[in-house]
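Colleague: Produce the entire structure from the sequences given, and follow the hints as far as they go.
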Amino acid sequence: MLKPNRLRNCRGICWRSARGALALVLPAALLMNPGCSKAEIKEKLEQAQAKVEAVAESTAKAVEERLPATGSITLDMSKPVEEIKRAEVEVIVIGDGRPNVVQIVTYDPESEKRAYPCVLLHGTTSATSASGLSGETVACDMYFQPTVAGPIVMTKPGTSVSVTFRSINSEDNTLAGTLGGGELISSDNSPINVRSGDLVAVVKEGN
Amino acid sequence: MQYRNYHARPYARFMAISLASLIGAASVWANPTGQQPERPLASHGTIAGASEKVTGLYKLYNEEYATFQQQYERREVPTKLSDRVIAKAAGRLWKARRDAEHLTLMGEPAGSALNSQLSPLFMAFSDLAFAYRSTPRGQQLVQKTITKLKRELPKLTKFLTQADGALQKGNLEIFEKLMEKKGIELHEQIIFLTASEKRPFIEPFNAVMGKGDTLLTRQRKQQYMEQAKQAMEKQIAPVALLSSETARIRREIASAGTATLVEGTTGGPAEAFAQVCKLWGNASAGLVRARAIVWAFTGRGEAKIEPSPSELQTTAIAELASVIDAAASSTPPDKVPQVYADLLKQITVMDRRLGAYSKAVSEGCEPAMKKLAAKDPALSMRIESYRRATSEPLKWRMLFASQHAKTLGNSLRQATSMMGAKTEVPSHKRPAYARAPNGKTVVAPLTLNAPAGWLAYEAAVRLVGKPVGERRMLRLTPTSRTAVVPFDSGHYGNVPVSLQSDIEVSDLKSAIVVDDTYGPLSVEAADAVSSAELHDYLMVAGPIREVHLEALVTRFIALPDVAYALAPVGRIMMVEDSVSPLQQACWRLDVDPVWAQNKYFTVASKGKGR
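Quick mapping for you: the protein sequence lines, in order, are chains Y and B. Residue numbers are given in this note's numbering: position 197 of the first sequence equals residue 197, and the series is strictly consecutive. Position in the second sequence (first residue = 1) + 1000 = this note's numbering.
Each hint can be trusted.
Footprint (simulated), chain B over chain Y, 3 or more residues, beta carbon under 8 Å:
1) 86 to 98
2) 118 to 132
3) 154 to 168
4) 184 to 195
What the hints contain is simulated information worked out from the structure, not anything from laboratory work. Where a beta carbon is used, it is the ideal one built from N, C-alpha and C, also for glycine.
Modeller: Printed below as a string of structure tokens:
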């Protein structure tokens, strides 16, 4: 079926609503400038288009800013894993001279509720807070459960997964990082490995 | 206290002997196994002379069985049988059966076990005697014997009257000696006679013997009950030691922060705590031994002996808490975190000996531990942070271990179910004259209803080499080479501490931020570390290497202190009351571990893969 010409010309914003906007703007432009040339009309059309695009963009940004960041973890594993849309990072200082603990969770440890897949990354560091992790690489134990029915997966004893942190984003209080590969073992003895991963973790309040 | 030193030092090497050889000198510890079914059923020796009697009778049985085999080879040609050999055996076996019944009075399970072997052997000789009887020489012998017995009947009658007289006077020992000598003589002769032929001679003898036996049995029962009571009271002595020794330890810790333990060694609060646990173990073992003695001699399994195991537990936990209180008063603040962590570990070691998930000791000592922690103002906060920093990895690891153990143990059978199954017996080593096992029989029966050696062999032939799972493996001491699986449903386990778990243990420790300097600050973490270092496991699996058959009362009368965890601690062991205590069996399985489940990790023998 032949597509009408006008739809082929659509450039990202809904042409129909743009036409509607133009329909408001254009007559005003024409009224303000009786006797416009064809080139002048073209220029005015393009200006109007740009204004509509700008309004649409700022609206979208406003919507985003109202929701707080939840963090996320994506994992490239030997079996595909969907993106986990939650991650929180905390540095726990025990304070007696022991190394401090870095803990990244995709669930609330205080609650029984879980969403799957869920992950715990756990390692030690000399940093005393999340901001101190910027630029650091931490060797972590990784714990992973893909579904509520299991299995339970963790780093093979004696091995670890490296987590390299970038700088902290002070705007939304998140810490981004990448995971290196690692050897994993599964409680059902099925073979499984992690090749790499990305994370954006929200810094826990007070950290 | 680090438990990583498996390579025992000389003193520890002495301690690290297998379970079997740790029994007191009075009894002989051997028991029939699959490989050596001819070994005697061990004796506990509560009554003086019993152990020697047991050894002597098994020796006699072996000698007469060898004799029987020699004669048996000639059975096709009865003229080749030796009447003298048969006669001598008949006399000895008659006396031996009496001795075996005497052993039963002495509370020794070997008594009826021996009789179950001696009786069929005696019958077998009787059959040989009758085979000989059918020969010309045999018939001559029968005539000669009857003539002789008839001629000597007046003498026999006079003898019996005299014996009866000794009986009236109460000279029971002399009576028995004289009568048994005469009895051996008679039985050597009458073995070749039919029932009616021997009746005129053996009946009067049996009448007087029976009369004497009634009086002897009554006298012996009284004597042995008295001896057993004394033995039982001796076993309860360690209970008092728990309180008296702890009082001394408490005083020393409160004043100096250290206490003298054993053989002049001294230790701090955690070592002192462990020493009190050991005293508790000794008292518990003593009570088990006392209870077993009463059960063996009276048939009462629920006898009231004080203190009860749960009363002992209440006392012991109070004593343990008091040691921590003493430490709280004398430990300087800068030493408190280390002492706290070391005590937590010892607490969890003892809790595991009470039950796989017991918290009795940790809960009972909690107030005292809080008092200790309060001496270091920063410690409580650190404990809270430590808990937050380590509870998630512990939860995940516990989940992993229990799921992985399910995977590994998917088609694994538990020992108890394998032992109670009814199956055909593929082979046996019974004597030629004995009935072969028929149809399906229980693999490891709980009653000694046939000669122990037969039962041991026929169980082993169906169990050895088979993979089995056992719950709760507890190391005997921090340096022992063996661990036990506590007694349950008629059996216990003996497992070497051989699984290499260094990688798993160090992985666990780094996950909960513990090393040589910093110890665990929560009960869960302490349980993880102490069980990992000690090689205590929730479950262990592997092939059965050997099967031992023991008598249940003997096992518990002769329970060594170091094996106190073999019996339940803190509660009375339930016993079967429908079967006589001396007839009840206890099986020991020696298992070669292939994999095991700690609460927080699984470990497999290296080289076999997961």
